[in-house]
Amino acid sequence: MAQHARPARYASRWFEQFVGDMDPVARVQLAHETAAALLARVRSDADADVVERILALAADDGIDAVAELWADARPHSLPGALWRIHLLATMVAQQPVAVAAHFTSGAERLETADAVVAGAAVPTGPEEIATLADEILRGVFAGDLALALDRAAAFSRIAAAGSLAEADARDAYDAEAASRLTARASRLAILAGDLAASAALQRRDALH
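Just so you know, the sequence shown maps onto residues 1 to 208 in my numbering.
These are computed hints drawn from the structure, not numbers from a lab. Predicted model, so just to flag it, every value in this text is computed and none were measured. Just to be clear, a hint being listed does not mean it is correct.
[To be verified] If you anchor each label on the Cβ, the simulated ranges turn out as follows: (1) 95 - 44: 27 to 37 Å; (2) 172 - 41: 46 to 56 Å; (3) 177 - 208: 37 to 47 Å; (4) 175 - 29: 38 to 48 Å; (5) 138 - 200: 15 to 25 Å; (6) 53 - 90: 10 to 20 Å; (7) 64 - 206: 23 to 33 Å; (8) 205 - 172: 46 to 56 Å; (9) 119 - 74: 42 to 52 Å; (10) 56 - 108: 31 to 41 Å.
Just so it is clear, CB atoms sit at the ideal spot from N, CA and C, and this is done for glycine as well.
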């Protein structure tokens, strides 16, 4: 497998340069086409290995070049939803301990059904939060897309509440950290709203 590392990196750099040189309208069109093609390819294949390869690519940052293409898509669109799922998966992969702590405190703080919708194991440590992120990704590529987006939205709302709780706790002695955590909570709350809206569109067969 090691001999394929260099060509993959070269292809990624070429793709990024190619996309960067594109007309903005063509870039948006390509974002929609790649998102639809990726989901259609995985969902139409009965071989579970295809799903596993996509998940492995996501875990190893091999899908980053394509995901970056989705970053400028409208929030309530298929590529926009996939970009937000990618952001959540990246956050969990990079900071599993912090995300698990925020999820736990957020679930305790919110008096909603979000913890049930998200479906994380309790108690929720780094391993459980990574498993949850993996389950959401599987749902996107091989399960009920609307449900996966709803789970991701619930996950984001809980993590936002937990991040805000830590910001409140730190405010008296570490204002800078509290400000960063508050900003993160705000971004996660916006992310949750976008994912929930995309889930609603998917249920009407209107997420494109």
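| Is the distance from the Cβ of residue 175 to the Cβ of residue 29 consistent with 38 to 48 Å? | holds (45 Å)
| message | Please check whether residue 177 and residue 208 have a Cβ separation lying inside 37 to 47 Å. | response | The hint (37 to 47 Å, Cβ to Cβ) holds, given that residue 177 and residue 208 are roughly 40 Å apart.
| query | When you take the CB atoms of residue 205 and residue 172, is the distance between them in 46 to 56 Å? | reply | Holds, at about 50 Å.
| message | Given a hint of 27 to 37 Å, does the C-beta separation of residue 95 and residue 44 actually sit inside it? | response | holds (34 Å)
| said: I want to verify a distance hint. Is the separation of the beta carbons of residue 56 and residue 108 within 31 to 41 Å? | reply: About 34 Å separates the Cβ atoms of residue 56 and residue 108, which means 31 to 41 Å holds.
| Range hint compliance [Cβ, residue 172 to residue 41, 46 to 56 Å] | About 52 Å separates the Cβ atoms of residue 172 and residue 41, which means 46 to 56 Å holds.
| message | Quick check: does the Cβ-Cβ distance between residue 138 and residue 200 fall within 15 to 25 Å? | response | holds (21 Å)
| field | Assessment of proposed distance window 10 to 20 Å (beta carbons of residue 53, residue 90) | value | holds (18 Å)
| Supplied distance hint 42 to 52 Å, evaluated on CB atoms of residue 119 and residue 74 | This hint is violated: roughly 28 Å between Cβ atoms.
| said: Against the range 23 to 33 Å, how does the distance between the Cβ atoms of residue 64 and residue 206 compare: consistent or not? | reply: Holds, at about 28 Å.
Hint 9 alone, counting from the list given before, is not met by this structure.
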